[in-house]
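Novice: Next come the chains, spelled out residue by residue.
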Amino acid sequence: MTLLNSRQMATFSARGFLRFDGVVPEEVNQQFLAELGDVTEGDVASPEAHYASIMQRGSVPVVPAGISLANAYPAESAVSRLLALPVVAGAVASLVGSKPVLDHHFLHITFPPSYYKRDAPVAQHTHQDSTIDPRRAFDIQLMYFPHEVTVEMGGTRFIPGSHLRRVSEASIGRYQNILGQQHVVCPAGTLLIMHMGIWHGGGANRSDQLRYMFKIRLCPTEKQVRLWDLSDLPDDHLQQRPIFWVGHERTRDPIHSILTEPEPWFEFDTGRLEYINRIKFWRYLLGNESFDADYWLTRLENDFE
Amino acid sequence: MSIRQQVMVLYLKSSALDTGVVAWAFYDGTGKTSHMSGDQAEVPYKTGLHALRDGWRLIQASPLVTHAQGSEFQTDYLKYEFFFEKLVEDDS
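Respectively, the protein sequence lines represent chains A and B.
With numbering that gives the first Met the number 0, letter number 245 in the first sequence gets 244, and the count goes up by one each step, no holes.
With numbering that gives the first Met the number 0, letter number 42 in the second sequence gets 41, and the count goes up by one each step, no holes.
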């Protein structure tokens, strides 16, 4: 398998997602859609009937929460083949270890306007999945897009860097638009891997085709410490770099820069708190409570009894 | 002829009305326009002050709240929320 490198892990820490465009071979995408009973033509009676038909086929297995990922899907099924891809298996192992369990999975189908009798389809409100979750450990959500997603199809919308905010699920629905929000427009076989806390919502499908997205939530069964390929971690990773008055030393360690890169929606003051929370997150991943970037935590920890 | 309320919510970079917009929402009581999550990429106004200059009336601003001991570094909801309204005649 191909483990993530340190830059990818730092990007996940800072922004809450990693995107792999077209990483799943077309053969597997076609198998996945065929197992559902295909479907891009849209000749189904109603959303309810279509979900019932897919459920009856059993191609997305009904499995108990907490089942080992290794036992969740039939061998040679499209999802098993997807999870076995070296880049996917490596990313999962880097983030949630070698023996993750499945929290749940769900096939999201977004129907085009022709399926709505009266009102036109609307986008899902922005939300954070599950509920308030103050853990330092984290789950990941794989979002698999088995076919091309165009702008008109209303791909998943998400807010980079929102994952460390502790909010209560749908409470953030009032935030209609946030500077820097991204909409998934992607080729077939694209995979997004997201931290469980990232703010997101489904877009409205204004095309004439059904849109499919298969989501799998995975939980670690071990501490998520040094699970990735650390070979690119700089030797001076624990050293501080100049701050504010910087000269030419600024980019010595790219990971420090990644962890302190603001998002467009950051407020002036809480943006700094986001850096602090990212640094705490990286300490957890690194297994080293002395790591710091730009002195944000060292300054606060310089106290005396 | 009756009066209807249009509501705009702006989230700013700080408690100062003349700082930049980072998030926003619209609700139109006339029903003539409709908005949904993710429907706009560009901010409607550069700052809250620009909204005032365009005739929006500020009706609520989020207060500054003391940080609870032990959770000083926790981030959660967008912090600087400003509600604006316009009262418009509705001839429908």
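Keep in mind that the hints were calculated from the coordinates and are not lab data.
Bear in mind that the values here come from a model prediction, so they are computed numbers and not experimental data.
Glycine included, every Cβ here is placed at the ideal spot set by N, Cα and C.
Be aware that one or more of the hints could be misleading.
What the hints assert, rightly or not - Using 25 Å as the maximum straight-line C-alpha spacing, the simulated DSS-like pairs for lysine-lysine come out as follows: (1) A/Lys116 - B/Lys31; (2) A/Lys279 - B/Lys78; (3) B/Lys78 - B/Lys31; (4) B/Lys31 - B/Lys85.
Said to hold, decoys possible - Ranges between beta-carbon positions, derived for each pair: (5) A/Glu75 - B/Ser61: 28 to 34 Å; (6) A/Ser256 - B/His66: 24 to 30 Å; (7) A/Pro24 - B/Ile58: 50 to 56 Å; (8) B/Ile58 - A/Ala44: 43 to 49 Å; (9) A/Ser167 - B/Gly30: 38 to 44 Å; (10) A/Gln29 - B/Ala67: 51 to 57 Å; (11) B/Ile58 - A/Ile131: 28 to 34 Å; (12) B/Asp27 - A/Glu75: 49 to 55 Å; (13) A/Ala88 - B/Ile58: 22 to 28 Å.
As the list claims (entries may be wrong) - Incomplete in silico selection of chain A near chain B, CB under 7 Å: (14) Arg156; (15) Ile177; (16) Gln181; (17) Val184; (18) Gly200; (19) Ile275.
Novice: State for each hint whether it applies.
Specialist: Hints and how they fare:
{"no.": "1", "hint": "A/Lys116 - B/Lys31", "in the structure": "21 Å, holds"}
{"no.": "2", "hint": "A/Lys279 - B/Lys78", "in the structure": "22 Å, holds"}
{"no.": "3", "hint": "B/Lys78 - B/Lys31", "in the structure": "30 Å, violated"}
{"no.": "4", "hint": "B/Lys31 - B/Lys85", "in the structure": "14 Å, holds"}
{"no.": "5", "hint": "A/Glu75 - B/Ser61: 28 to 34 Å", "in the structure": "54 Å, violated"}
{"no.": "6", "hint": "A/Ser256 - B/His66: 24 to 30 Å", "in the structure": "28 Å, holds"}
{"no.": "7", "hint": "A/Pro24 - B/Ile58: 50 to 56 Å", "in the structure": "55 Å, holds"}
{"no.": "8", "hint": "B/Ile58 - A/Ala44: 43 to 49 Å", "in the structure": "47 Å, holds"}
{"no.": "9", "hint": "A/Ser167 - B/Gly30: 38 to 44 Å", "in the structure": "30 Å, violated"}
{"no.": "10", "hint": "A/Gln29 - B/Ala67: 51 to 57 Å", "in the structure": "53 Å, holds"}
{"no.": "11", "hint": "B/Ile58 - A/Ile131: 28 to 34 Å", "in the structure": "29 Å, holds"}
{"no.": "12", "hint": "B/Asp27 - A/Glu75: 49 to 55 Å", "in the structure": "53 Å, holds"}
{"no.": "13", "hint": "A/Ala88 - B/Ile58: 22 to 28 Å", "in the structure": "54 Å, violated"}
{"no.": "14", "hint": "Arg156", "in the structure": "4 Å, holds"}
{"no.": "15", "hint": "Ile177", "in the structure": "4 Å, holds"}
{"no.": "16", "hint": "Gln181", "in the structure": "10 Å, violated"}
{"no.": "17", "hint": "Val184", "in the structure": "12 Å, violated"}
{"no.": "18", "hint": "Gly200", "in the structure": "5 Å, holds"}
{"no.": "19", "hint": "Ile275", "in the structure": "5 Å, holds"}
Hint violations for this structure: numbers 3, 5, 9, 13, 16 and 17, all remaining hints satisfied.
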